[in-house]
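Based on the provided sequences and hints, a complete structural model is requested.
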Amino acid sequence: MPELPEVETTRRGIELYLTGQRIREIVVRNPRLRWPVPESLPSMARGRTVASVNRRAKYLVLDTDAGGLLFHLGMSGSLRVLSKPGPAATHDHVDVCFDNGQTLRLNDPRRFGCLLWLPHPIEAHPLLARLGPEPLGSEFDGDYLYHRSRGRKAAIKNVIMDGRIVVGVGNIYASEALFLAGIRPGRAAGRIARRRMHTLAAAIRQVLEAAIAQGGTTLRDFVSSDGQPGYFSQQLNVYGRRGEPCPVCRDPIQARRLGQRSTFFCARCQT
DNA sequence: CCGGACGCCTGTCGGC
DNA sequence: TGCCGACAGGCGTCCG
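Position in the first sequence (from 1) plus 791 gives the number in my numbering.
Simulated from the structure, these hints should not be mistaken for laboratory data.
There could be a bad hint or two in this list.
Said to hold, decoys possible - Using C-beta positions, here's what the derived DEER-type ranges look like:
1) Gln-1026 <-> Gly-892: 31 to 39 Å
2) Cys-1040 <-> Ser-831: 53 to 61 Å
3) Pro-912 <-> Leu-873: 28 to 36 Å
4) Arg-955 <-> Met-866: 14 to 22 Å
5) Thr-1062 <-> Gln-997: 14 to 22 Å
6) Lys-944 <-> Arg-825: 28 to 36 Å
The structure displayed is predicted, hence computed values, not measured ones.
For each residue, glycine too, the CB sits at the ideal point set by N, CA and C.
Right under this line is the structure:
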């Protein structure tokens, strides 16, 4: 589910509630996520105070003086802050309860997400150590994308979705960014000119920033931390629109399978 | 190193 | 109406 804008929307939604709060206890109802929630996690986190709420790629980190709680929302996860937590519903796997009575509740039907306790330095953890730059950071630009793509025969869509190249570009925004840049998703990354890579890097930035500004995309079941759906789905140009007219040229949008993922593009506008 | 396929889960939707 | 297969926003891992 969540791509970078959804995770960032969640981060912004919870940080004001959680920063400075002390963890009273963590209730793990179902530890069987992508990786099992460690049995020791509640005791490691108990009594710690949240110093900051950070995002790296699609990971959320509640950082404390002693280590951090690392969340990933997988395909179907969501986090909500509850001031008066009711009884846990189906797929409410974990509650992080704070001294002030608030509860951070993790719901994840498909259980592709995770919750781990990471000692400092957080970035040294194997899950984070090999990640590429943030797409909204200063390290990521057209020159970087161009250099990292030289010699690669893989489809450009697969390359921009590769977290070792750049993090946070998921299946929806990959199609959307390539549409904005006028580049075919299946084009070999190593054969794209530097100038077009600049256009693509700018398009990735643009689509992610626009989605964050709108509170993320809602498809099926995404809700941000306050329970409100995002509104970006109304602005998708190609994703999920097979057969619909291209918003630019009116040719029907094409759908393909690329790297086992649904891919949408306009055959006339994207070369 | 690279590229491609697989699997982890549950829920939903379209077709018959 | 019910069943069954395909598919869904991620991503680590394995294989050639």
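Structure-based check of each hint:
no.	hint	in the structure
1	Gln-1026 <-> Gly-892: 31 to 39 Å	holds, 38 Å
2	Cys-1040 <-> Ser-831: 53 to 61 Å	holds, 57 Å
3	Pro-912 <-> Leu-873: 28 to 36 Å	holds, 31 Å
4	Arg-955 <-> Met-866: 14 to 22 Å	holds, 20 Å
5	Thr-1062 <-> Gln-997: 14 to 22 Å	holds, 19 Å
6	Lys-944 <-> Arg-825: 28 to 36 Å	holds, 30 Å
Comparing the model with each numbered hint stated earlier shows that all of them hold.
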